[in-house]
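*Asks:* Following UniProt numbering, the numbering of the sequence shown begins with 1 at its first residue and continues without gaps.
To be clear, the hints were calculated from the coordinates, so they are not data collected in a lab. As the structure is a prediction and not an experimental result, all values here were calculated from the model. Incorrect hints may appear among the rest.
Pairs of lysine to aspartate or glutamate, EDC-like flavour, derived with a Cα cap of 16 Å [to be verified]:
(1) Lys99 <-> Asp153
(2) Lys312 <-> Glu435
(3) Lys285 <-> Glu241
(4) Lys288 <-> Asp239
(5) Lys312 <-> Asp431
(6) Lys210 <-> Glu107
(7) Lys210 <-> Glu118
(8) Lys428 <-> Glu370
(9) Lys285 <-> Glu308
(10) Lys532 <-> Glu298
(11) Lys549 <-> Asp519
(12) Lys285 <-> Asp239
(13) Lys460 <-> Glu487
(14) Lys312 <-> Asp268
(15) Lys549 <-> Asp521
(16) Lys549 <-> Asp516
(17) Lys201 <-> Glu266
(18) Lys288 <-> Glu241
(19) Lys210 <-> Asp92
(20) Lys288 <-> Glu298
(21) Lys312 <-> Asp440
(22) Lys99 <-> Asp220
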Amino acid sequence: MQPGGMLACAGHAHRAPGRIRAEDEQPGVFEHPDKVSLFKVQTSDCMLKRTFAALPTTMKWFWDTTHALPKPASPSDTSRNWSHGTLDAGRDALFEAAKARYVAVCENYVHVPSLDREFSLATVFTLPQSHKLHEVTATWVRDQVATYISLDDVFNEQFMATVIFHSSDQDVDVKVTDEARVYLDEHGTEEVICTSVPQLKPGPYALVGKQLRDVWKLVDDFNGTCMSSLKPKQNVDGDFEPLMVLSSDNRFSTFALPSRIKTQAESDSLFAGMRVLVKDNIHLKGVKTSVGNRAFYETYSPQPASAECIQKLIAGSAVILGKTKMNYLATWEEPVQYIDYQAPWNPRADHYQSPGGSSSGSAAAIATYEWLDIAIGTDTWGSVTRPALWCGCYGLRPTFGAVSAHGIEPCCQRVFDTAGILARDLKKCRDFAAEWLLSDVLQKTPKPFNLVIFPVDFWKVIDSEQAAIGREFAQSAATHLKVDYQEISFEELWLKTSPEDAKGCTLSEFIDWAADVQDYDAYHNCDDFREKYRELTGHAPYVSPPNQKAW
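With the hints as extra help, turn the sequences into a complete structure.
*Replies:* Below, the structure is given as C-alpha cells:
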C-alpha cells in the first residue's frame with residue numbers, strides 16, 4: 001500500500017485512450033491531443049490563458065463568479081498557443097459541463113495526495129466491504145452509474161473523466177477487470193485510482209490540484225419565487241450564507257443543488273438530501289427576515305437562530321436552499337398589489353395567473369421546479385391551502401400546535417398560525433409530515449374515517465363542468481376507500497341548527513367576523529416593528545393598501 005491511503009489497483013497500468021494509474025506509477029497528467037483546448041479564464045486582476053488537459057472541449061471553466069461566462073476557443077483550434085498558470089486554491093470555481101453550470105467549492109474538499117491535476121471532473125464509487133480482494137467488474141460499474149443517474153440530477157457522465165474507487169479498508173486489494181476498463185474508456189474515463197482516504201463520500205467532484213472539491217449544480221430561479229438563495233449549509237451549527245451567483249444572462253438568482261448521492265450517504269434520516277425552500281417569515285440563522293416588507297428587512301439584523309421547525313430539518317441533513325417570497329406581512333395580496341417586491345410567477349396556464357397567498361413563493365416554487373422536494377409555508381387563514389390550489393400542488397396545513405411556532409414571525413399566533421407543507425408528490429408530503437410534525441402533541445382519531453363529504457355550497461361559484469369533475473372525484477374516493485359518500489349544504493344545516501347567539505346571521509355573515517379577528521393580533525404583532533422603524537428613520541413604515549384596510 002502507498003502512503004496517503006492509496007490502495008493497490010491491480011491490472012495494466014496503461015490503456016488507450018485513457019490512463020489507469022497503477023500502484024507503482026508516479027502521478028501524471030493524461031495526455032490526448034484531441035482533448036486539449038484553450039480557454040480564457042477571467043480573474044479579478046488579469047486575464048490568463050490556461051490549458052485544461054484531459055477535459056472534453058465542450059466543457060467551460062471560469063473562476064470569477066462576478067463576470068459573465070467567457071467563451072471557449074473553437075474546438076478545432078489545435079494551435080496550442082497557451083501557457084500554464086497557477087490556479088487560486090482559495091476561491092470557488094465556476095464551470096459548465098453537459099450544458100449545466102456548477103460550482104466547485106473551495107471550502108469543502110478532500111485532500112488526495114495521489115492526485116495532482118490542474119482541472120478534472122471526478123466520480124467516487126464506494127466499494128462494498130471485502131475481506132482481501134475486491135474485483136471491480138463492468139457490470140458493477142454499469143449498475144453504479146445507472147444508480148447515480150437515476151438518483152442524482154447533479155451527476156452526469158462527464159464527471160467520469162477521473163474515476164476513484166474508494167474503500168474504507170486500507171488492506172483490501174482492488175482489481176479492475178479488463179471489461180470494466182473498456183466500459184470506463186467508452187465513457188470518457190482517462191484516469192482510474194483506488195484509495196482509502198478517509199471521509200470520502202460517493203458522487204461527483206471537481207479535482208483542482210490535490211483538492212477533490214464538492215460540486216453544486218446551479219439552477220435558475222426563472223419564476224422569481226425567492227427573496228434570497230443560500231449556499232448549502234456546510235456546518236450544522238453555522239450561519240447560512242447567501243449564494244451570490246446570478247444566471248448566465250444575469251436575469252435571475254440561482255440555487256445551488258448539492259449531489260443527492262452525497263447528502264443521502266451522510267445520514268439515514270428521511271430528511272437527508274431533501275431540498276427545501278422556506279417562507280420568508282421563518283427565521284434562518286445568519287439571514288435577515290423580510291416578511292415581504294422592505295422596511296421590516298431594513299429594521300432588523302440577521303437572525304441569531306433558525307426556527308425550531310427548521311432546526312429539526314437541518315439536524316436531519318435536509319438542504320435549505322433559500323427563502324421564498326410572500327405577501328406583505330402575510331396579508332392577502334394579488335400580484336398587482338405587490339409593492340416592495342415583485343410577485344412570484346405562477347407556472348400554471350398562461351403564467352399570468354395569481355399564485356395565491358400568502359405563501360405565494362413557496363407554492364410557485366414547488367409547482368415550477370422538479371428538483372425541489374418540499375417548500376415550507378405558513379398558514380393562518382388559508383395561506384398554504386389557497387396557493388396550493390391556485391398553483392396546482394399539494395398543500396398541508398397541520399393541526400394548530402403540531403409544528404413549533406418558535407422562530408416564526410407571528411400573525412395571529414394564539415389560535416391560527418402554523419407552518420405548513422407544500423409538495424408536488426403526495427407520498428413525499430405524507431412521509432415528510434409524519435417525520436416533521438410533533439408526534440407527542442398529536443392525538444390519534446378515535447375511529448377510522450367513514451365518510452366523504454361533498455360541500456355543495458362551496459361548489460356553487462365553480463364552473464359547472466369543474467364542479468362535476470370534483471363531484472366525480474369525491475364519489476370515486478369514497479368507493480376506493482369503501483366509505484359512505486354524502487352531499488351536504490352547510491348553509492341549510494346552519495339555518496336548522498345555528499345557536500341563539502347568532503341572532504339570525506347567515507353562515508357567511510357569521511364566518512366573516514371570524515376571519516377578521518386575526519387582524520387585531522396582526523396589527524399589534526407589528527408594534528415593535530413600527531416603533532423600531534420610526535426610531536431608525538424618523539418616520540412610520542409604508543403600509544400596503546391591503547394592510548391599511550386590515551389594520
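*Asks:* Are Lys532 and Glu298 close enough, with their CA atoms no more than 16 Å apart?
*Replies:* Holds: Lys532 and Glu298 sit about 10 Å apart, inside 16 Å.
*Asks:* Straight-line Cα separation of Lys285 and Glu241 no greater than 16 Å?
*Replies:* Holds - the C-alpha atoms of Glu241 and Lys285 are around 9 Å apart, at most 16 Å.
*Asks:* Under the criterion that the straight-line Cα-Cα distance not exceed 16 Å, is the pair Lys99, Asp153 satisfied?
*Replies:* holds, 13 Å
*Asks:* Keeping to a limit of 16 Å between CA atoms, is the pair of Lys285 and Asp239 held or broken?
*Replies:* It holds: about 5 Å lies between the C-alpha atoms, which stays within 16 Å.
*Asks:* Does Asp440 lie within 16 Å of Lys312 when you go C-alpha to C-alpha?
*Replies:* It holds: about 15 Å lies between the C-alpha atoms, which stays within 16 Å.
*Asks:* Check the hint pairing Lys288 with Asp239 against an upper bound of 16 Å on the C-alpha distance.
*Replies:* holds, 11 Å
*Asks:* Lys549 and Asp516 were given as a pair; does the straight-line alpha-carbon distance stay at or below 16 Å?
*Replies:* holds, 11 Å
*Asks:* Are the Cα atoms of Lys428 and Glu370 separated by 16 Å or less?
*Replies:* Roughly 13 Å separates the two Cα atoms, so the pair holds.
*Asks:* Can you confirm whether the C-alpha distance between Lys288 and Glu241 stays at or below 16 Å?
*Replies:* Holds, at about 11 Å.
*Asks:* Verify the proposed pairing of Lys99 with Asp220, using a straight-line Cα cut of 16 Å.
*Replies:* With a Cα-Cα distance of about 13 Å, the restraint between Lys99 and Asp220 holds, given a limit of 16 Å.
*Asks:* Is Lys549 within 16 Å of Asp521, Cα to Cα?
*Replies:* Given pair Lys549, Asp521 holds - Cα atoms ~14 Å apart, limit 16 Å.
*Asks:* Between Lys312 and Asp431, is the straight-line Cα distance small enough, at 16 Å or below?
*Replies:* holds, 15 Å
Of the hints listed earlier, there is not a single one the structure fails to meet.
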